[in-house]
Amino acid sequence: MSLLEIRNLQARIDGVEGKDILRGLDLTINKGEVHAIMGPNGSGKSTLSYILGGREGYEITGGEVQYEGKDLLEMDPEERAREGVFLAFQYPVELPGVNGTYFLRTALNAVREHRGEKPIEVRDFSKLIREKAELLDLDPSLLNRAVNEGFSGGEKKRNEILQMAILEPKLAILDETDSGLDIDALQIVAEGVNRLKSEQNAVLLITHYQRLLNYIVPDFVHVLVQGRIVKSGGKELALELEEKGYQWVRDHAEAQAAA
Amino acid sequence: MSSDTETLERFAGEEYKWGFVTDIEADTVPPGLDEDVIRQISSKKGEPQFMLDWRLKAYRRWLDMKEPHWAFVNYPPIDYQAVSYYSAPKKKPELASLDEVDPKLLETYEKLGIPLEEQKRLAGVAVDAVFDSVSVATTYREELAKHGIIFCSFSEAVQEHPELIQKYLGSVVPHTDNFFAALNSAVFTDGSFVYIPKGVRCPLELSTYFRINAQNTGQFERTLIIADEGSYVSYLEGCTAPMRDENQLHAAVVELIALEDAQIKYSTIQNWYPGDEQGKGGIYNFVTKRGLCAGARSKISWTQVETGSSITWKYPSCILKGDNSVGEFYSVALTNRRQQADTGTKMIHIGKNTTSTIVSKGISAGEGQNSYRGLVKIMKSADGARNFSQCDSMLMGDRCGAHTFPYIEVKNPTAKVEHEATTSKIGEDQIFYCNQRGISTEDAVSMIVHGFCKEVFKELPMEFAIEARQLLAISLEGSVG
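So the sequences go chain by chain: F and R.
In our numbering, each number is its position in the first sequence, counted from 1, plus 1.
In our numbering, each number is its position in the second sequence, counted from 1, plus 1114.
Derived by calculation from the structure, the hints in this document are not laboratory data.
Note that CB positions come from ideal geometry on N, CA and C, so glycine has one too.
Some hints here could point you the wrong way.
Unchecked claim - Covered by chain R, according to a simulated footprint, are these stretches of chain F (three or more residues, beta-carbon under 8 Å): (1) 69 to 83; (2) 87 to 94; (3) 102 to 112.
Claimed, not checked - Label-pair ranges, simulated between beta-carbon atoms: (4) F:I14 with R:R1513: 25 to 33 Å; (5) F:S127 with R:H1261: 38 to 46 Å; (6) R:G1262 with F:D138: 57 to 65 Å; (7) F:G117 with R:E1542: 29 to 37 Å; (8) F:K119 with R:H1261: 40 to 48 Å; (9) R:R1513 with F:G63: 33 to 41 Å; (10) R:A1259 with F:R113: 50 to 58 Å; (11) R:R1513 with F:K119: 34 to 42 Å; (12) F:V123 with R:H1261: 33 to 41 Å; (13) F:E150 with R:H1533: 16 to 24 Å; (14) R:H1517 with F:I14: 31 to 39 Å; (15) F:S127 with R:E1274: 49 to 57 Å; (16) F:R8 with R:F1186: 50 to 58 Å.
Generate coordinates for the entire structure from the input sequences, incorporating the hints supplied.
This is the structure in structure tokens:
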């Protein structure tokens, strides 16, 4: 059984009739795999990540999404998270005054409760944070501050990766995690993802540029154009795309459609 | 949005836990108010002549006064003749020992979670409990007495320390101050009295717990706290009432006096019954609270968490008379269902280099209306005075309202006054972010609201902060969008 199976997914923004953003998207992800979805602006990349995360405001007009054999689209966002779907946000949200450690412990305990486990002791949690922060070469003091409040772009992205490390998702969706990062921050974030990667989980990278893929090497690259995956391949596809530009796949897609 | 609103609705639907009634025989005077009723109250309490004279003076003044209607609240006219002005548990409790207090009363306080019994002394809070009109027990008195601290019911203070009462009663809130203060001065039945001697740092948090039980009664208590030179006291006040269909009137007066280098920290968790979803019942909380920083370098700090009452009309204020004195006001006011709150503070700067800080957090949910009303007044004499005010409002849902009425009067050109205000809504993106980490919408809302109130909660003593947090979560059950 695949970890994630998207079949012919069609979706639009709630209330916007006749204009689907996703127009028959297919994608299969197995444990142990890293997939990258690349595409030009407006191709539906972020819509896909939000729909997988369960954000309100989208209407599914066709197709289905199976996660570990279950209907993902039927689940509430919190249930998806507890089942191991993690979305690293393109723009992590600020929660003024909400302490980062408290936030993350509440999240972890919600996941643990869902698995029938006891809440984590405060002391064990501090230890866990220290371990993970060390593993990822991140500063754990990020968690002493209010969640994302006044964080720089780089700090926000690092904080997402630290949260991911603690929550240990099965499917991590990284939405434009590279945007707004300088090269050093990009390396730290990428290195973090590489260290968390295992045979038990999978990563879906959503990105505009090939740059991130120098640091996180995908097993599969998919090109998303106008709400459909028009081309899939190995890591070399990303390089080809970088060289020839998105127009190349657009032409390719049109040729396919014509034939 | 829809699911968040539902969560809020569910939140709001949470029942008021403290709504029970204690079945206890009470000595209640019939409804109505005239000079005879006042004489009756005074004689029941065995008061000296000066108290009766003061009451009658206040009453005569009150007759000429008009109920104020400038606040942004709405309620049907109050019939002051339909209220009973005195109700006391019948078995007059002997204050010498808790054993003599009616066990039903003790049970009530236990339900309310008040550490009344001496064995619970580890809790470290000295408690005075006011049930309807009468103070029933004061704990830790002996220990406090060792430090020369007086902590007793107001009635006892009138008997045992008349010189202090005569000197300070009405010195901060005169009987002529306003309609409700005048009414209170005429008919107040009990309350708490605190005196901290020179140079003493009160080793315990002092606490009064107010409970309205009887039907159709008003509660009119009076608190007077005097911190002598160089002393310090932290005082906590909590309040609950049964659920009743009719509105009940609570018109209290609190006076604080801080002499040179003294500090008073006054914290309130106001959880009177707020009324039901249709706005039926609930307490009218019309309270006058004021502190006088009489001496140089004195400090008065008000912290309030207002979650109850159907109507709140309350402006804990500071008169900064002593040079270099400091006034602070930290407030969280929450209105849900049909609650209305018009609350804020007044900072009157008279002395040189006086400073004041105002941090007000208003949360409106359901059909609640929440107004901040504050006055910062810098008098001509107040060279170098400074004020910083921050008023933040949070709205949950689309049927509530938040309003800010700041008044600033500056008569001294060296003053610095800053005012910041924000209004926010709990964002769908914030809730989604929490959901996406596995956190339920209820927990997300309570976390975000708590984060919003953090600056105020950190001013509360520890146990109170925990209580406040829980109370807020319960009061909100049913309100963001």
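Do the hints match the structure? See the list:
Remark: the stretch 69 to 83 of chain F is confirmed as covered by chain R, as 6 of its residues place a Cβ nearer than 8 Å to a Cβ of that chain, reaching the required three. Coverage of the stretch 87 to 94 of chain F by chain R holds [criterion: at least 3 residues with CB-CB distance below 8 Å; count 5]. A stretch counts as covered by a chain when three or more of its residues have a beta carbon under 8 Å from one of that chain; for the stretch 102 to 112 of chain F and chain R the count is 8, and the coverage holds. The given range of 25 to 33 Å is respected by I14 (chain F) and R1513 (chain R), whose C-beta atoms sit roughly 26 Å from each other.
Against the hinted window of 38 to 46 Å, the Cβ-Cβ separation of S127 (chain F) and H1261 (chain R) comes to about 40 Å, which satisfies the hint. For G1262 (chain R) and D138 (chain F), the hinted distance range of 57 to 65 Å is satisfied, since their beta carbons lie about 59 Å from each other. The hinted window of 29 to 37 Å between G117 (chain F) and E1542 (chain R) holds, with their beta carbons roughly 31 Å apart. A C-beta distance of roughly 46 Å is found between K119 (chain F) and H1261 (chain R), which places it inside the suggested range of 40 to 48 Å.
At about 37 Å, the CB distance of R1513 (chain R) to G63 (chain F) agrees with the hint of 33 to 41 Å. In this structure, A1259 (chain R) and R113 (chain F) meet the distance hint of 50 to 58 Å, their C-beta atoms being roughly 51 Å apart. Between R1513 (chain R) and K119 (chain F) the beta carbons are some 41 Å apart, a value that agrees with the proposed interval 34 to 42 Å. Distance hint check for V123 (chain F) and H1261 (chain R): the Cβ-Cβ separation is about 37 Å, which falls inside the suggested range of 33 to 41 Å.
Between E150 (chain F) and H1533 (chain R) the Cβ separation comes to about 22 Å, which falls inside the hinted range of 16 to 24 Å. Distance hint check: the CB atoms of H1517 (chain R) and I14 (chain F) are about 35 Å apart, consistent with the given range 31 to 39 Å. For S127 (chain F) and E1274 (chain R), the hinted distance range of 49 to 57 Å is satisfied, since their beta carbons lie about 53 Å from each other. The hinted range of 50 to 58 Å is satisfied by R8 (chain F) and F1186 (chain R), whose Cβ atoms lie roughly 57 Å apart.
In the structure shown, no violation is registered for any of the earlier numbered hints.
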